[in-house]
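Next come the chains, spelled out residue by residue.
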Amino acid sequence: MKLFERFRPVLLIAVLLAIWETAIAFHPGSILPGPIGVAGGILDLLQHGLLLKYVVASLFRVTWGFALAAFVAIPLGLALGWYRRGEMAFYPLVQIFRPISPLAWIPIAILWFGVGDLAAIFLIFVGCFFPLLLTAMNAVHNIPAVYINAGRNFGLSPSAFVSRILYPAVIPQLLVGLRITLGVAWLVVVAAEMISVNSGLGFLIVDARNAGNRYDLVVAGMVIIGFIGLLLDLGMRSIEQVKSFRWINSEG
Amino acid sequence: MLQAEDTVPDTRSAPKLRAEHLGVVYDRDGQLLPVLEDINLDVQNGEFVCLVGPSGCGKSTLLNAMAGFLSPTSGSVSIDGEIVMGPDPRRILVFQERGVFPWLTVEGNIGFGLSKLSRAERTQRIAHYVKTVRLEGFENSYPSDLSGGMKQRLQVARALAVNPDILFLDEPFGALDSITRVIMRGELLRIWQTERRTIFFVTHDIDEAVQLADRVVVLSSRPAQIKDILTIDLPHPRNISSSRYLELRDELLKQIGLAYEI
Chain A
1 MKLFERFRPV LLIAVLLAIW ETAIAFHPGS ILPGPIGVAG GILDLLQHGL LLKYVVASLF
61 RVTWGFALAA FVAIPLGLAL GWYRRGEMAF YPLVQIFRPI SPLAWIPIAI LWFGVGDLAA
121 IFLIFVGCFF PLLLTAMNAV HNIPAVYINA GRNFGLSPSA FVSRILYPAV IPQLLVGLRI
181 TLGVAWLVVV AAEMISVNSG LGFLIVDARN AGNRYDLVVA GMVIIGFIGL LLDLGMRSIE
241 QVKSFRWINS EG
Chain B
1 MLQAEDTVPD TRSAPKLRAE HLGVVYDRDG QLLPVLEDIN LDVQNGEFVC LVGPSGCGKS
61 TLLNAMAGFL SPTSGSVSID GEIVMGPDPR RILVFQERGV FPWLTVEGNI GFGLSKLSRA
121 ERTQRIAHYV KTVRLEGFEN SYPSDLSGGM KQRLQVARAL AVNPDILFLD EPFGALDSIT
181 RVIMRGELLR IWQTERRTIF FVTHDIDEAV QLADRVVVLS SRPAQIKDIL TIDLPHPRNI
241 SSSRYLELRD ELLKQIGLAY EI
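In the order they appear, the protein sequences are chains A and B. For the first sequence, position 72 matches number 72 in the working numbering, and the numbering has no gaps at all. For the second sequence, position 200 matches number 200 in the working numbering, and the numbering has no gaps at all.
Keep in mind that the hints were calculated from the coordinates and are not lab data. Check the hints yourself; a few may be wrong.
Which residues of chain B face chain A? A few of them, derived with a C-beta cut under 10 Å, are [to be verified]:
1. 68
2. 86
3. 93
4. 97
5. 100
6. 105
7. 112
8. 115
9. 138
10. 192
11. 238
Here are a few chain B residues that face chain A, going by a calculated C-beta distance under 10 Å [as the list claims (entries may be wrong)]:
12. 98
13. 102
14. 113
15. 235
Here a beta-carbon is modelled for each residue, glycine too, at the ideal position from N, C-alpha and C.
With the rest of the complex left out, here is chain A:
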């Protein structure tokens, strides 16, 4: 029974794939591939060494853009969250920049950085910066006053206060924010690669369509993007499960 429950999602996917394949079989000559065609596309990419190359290229950009954004936005957000006056000064600016889609920055990214990795990294940075800044600010606001008071009571120095109270108290919320933002980064990289670079999974999709309507490769690219997104999410979730990070769920 338990085993069945575990395999239910797999079963569902298998059924959907079967329906897809059947539907394609009824429309011979369709430009859209079936699952078997897509699997062939993935194999094709593997054989040409393109799959690994493009995945690495995309992950490279995501890693840099995301890490840089986290490196700048989280300390800044924590500081702004702590010093309310700073926050009041920054808040309108943040709220104006935040709703601008990272994709709207593509022309400026190309203008500043040309076509290449830097432009893509910049776009991911912009896409991650504001969500992470707000996450960090809110995380500080949500620290229960009792932890702050207890910390003050034990006579901690400012640096000890940051490392022993502030940091552990915001970690659970930061991890959730980081996980969601990593998802955003993964969305942005594909879009950025469609326009501003000549490699990566986003480029693969556009290139496969332009260079002869290879829709098997287009869908193969999509499937790979989905799988890697899933793996990134699972990886972040497993970090959240570390016992000393997980307290927010258990301490209502």
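Using the hints, position chain B against chain A.
Showing chain B alone in chain A's frame:
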């Protein structure tokens, strides 16, 4: 059982804790709200004082001012003759709820204020207080795996570990069920009798006050003043159905303005 001279503090010595003409006024959007008015109180070294009063009267405000978390609008609080300017590890406040750090284990919590000690001293001190609050076997547990009563014991242990002069407790058992609460009172008394700290204990529970305190300070409704100070002249362990106990309890109920009958 303790001798009478152990529980009755020596009133001739200088007080451990003194509040002089203490007043606190809150500023609520420009509206001035006086909370405490002219509080004068001496607490002796090693004394167990309970603070009771109608809910919302400013008990916690007084506690926070005494512990240094709130600066008074007028008057002062001094400990050993020294004016209280802010929180200090020599006096630890125990909170009603969520006071322990959920990201640290039991050992980590107890050792929180001990980073200046050597490793060996710290280990030894932690082991001592794990035993004092009877959390043996839970050293590596996180607070999420402890019951409410255990978490409060852990908080008391973390407070005691830094060797404070005064423990301030803000309704520490208020969030516990009634059975656990009674057990916790016994535990706190046992710890107080072995450790001999000055304890200033806020509660809204009249029985709790009569069972624990050497003296009970009764606050009036807001703006709060000291209405009365009742000396509980009962030796420990206290018989809670003795006539003297009931007399003191009734007196307190009357002071707070509660009827004996429902």
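* Asked: Does the interface hint hold: is residue 102/B within less than 10 Å of chain A, judged Cβ to Cβ?
  -> 3 Å, holds
* Hold the hint about residue 93/B up to the distance rule: shortest CB distance to chain A must be less than 10 Å. => 6 Å, holds
* For the hint on residue 113/B, does the least C-beta distance to chain A fall short of 10 Å? -> At 4 Å from the nearest chain A Cβ, residue 113/B passes the 10 Å test, so the hint holds.
* Grab the minimum C-beta distance from residue 98/B to chain A and call the hint holds if it beats 10 Å, violated otherwise. => 5 Å, holds
* Hinted contact residue 115/B with chain A - closest CB pair below 10 Å -> 8 Å, holds
* With a cut-off of 10 Å, does the beta carbon of residue 86/B approach a beta carbon of chain A closely enough for the hint to hold? -> Result: holds, 8 Å to nearest chain A Cβ.
* To do: Would you check whether residue 235/B satisfies its interface hint, that is, whether its CB is within less than 10 Å of any CB in chain A?
  => Since the shortest Cβ distance to chain A is 33 Å, the answer is violated.
* Does residue 112/B pass the interface hint, meaning its C-beta sits closer than 10 Å to a C-beta of chain A? -> 6 Å, holds
* Asked: Taking 10 Å as the limit, does the beta-carbon of residue 100/B come near enough to a beta-carbon in chain A?
  -> 8 Å, holds
* **chain A contact restraint on residue 105/B - CB to CB distance below 10 Å** => OK, holds: residue 105/B within 10 Å of chain A, min 8 Å.
* chain A contact restraint for residue 192/B - C-beta distance below 10 Å -> 19 Å, violated
* Asked: Are residue 138/B and chain A close enough, Cβ to Cβ, to be under 10 Å, as the hint says?
  -> Violated, about 14 Å.
Checked against the numbered hints listed earlier, the structure breaks hints 9, 10, 11, 15; every other hint is satisfied.
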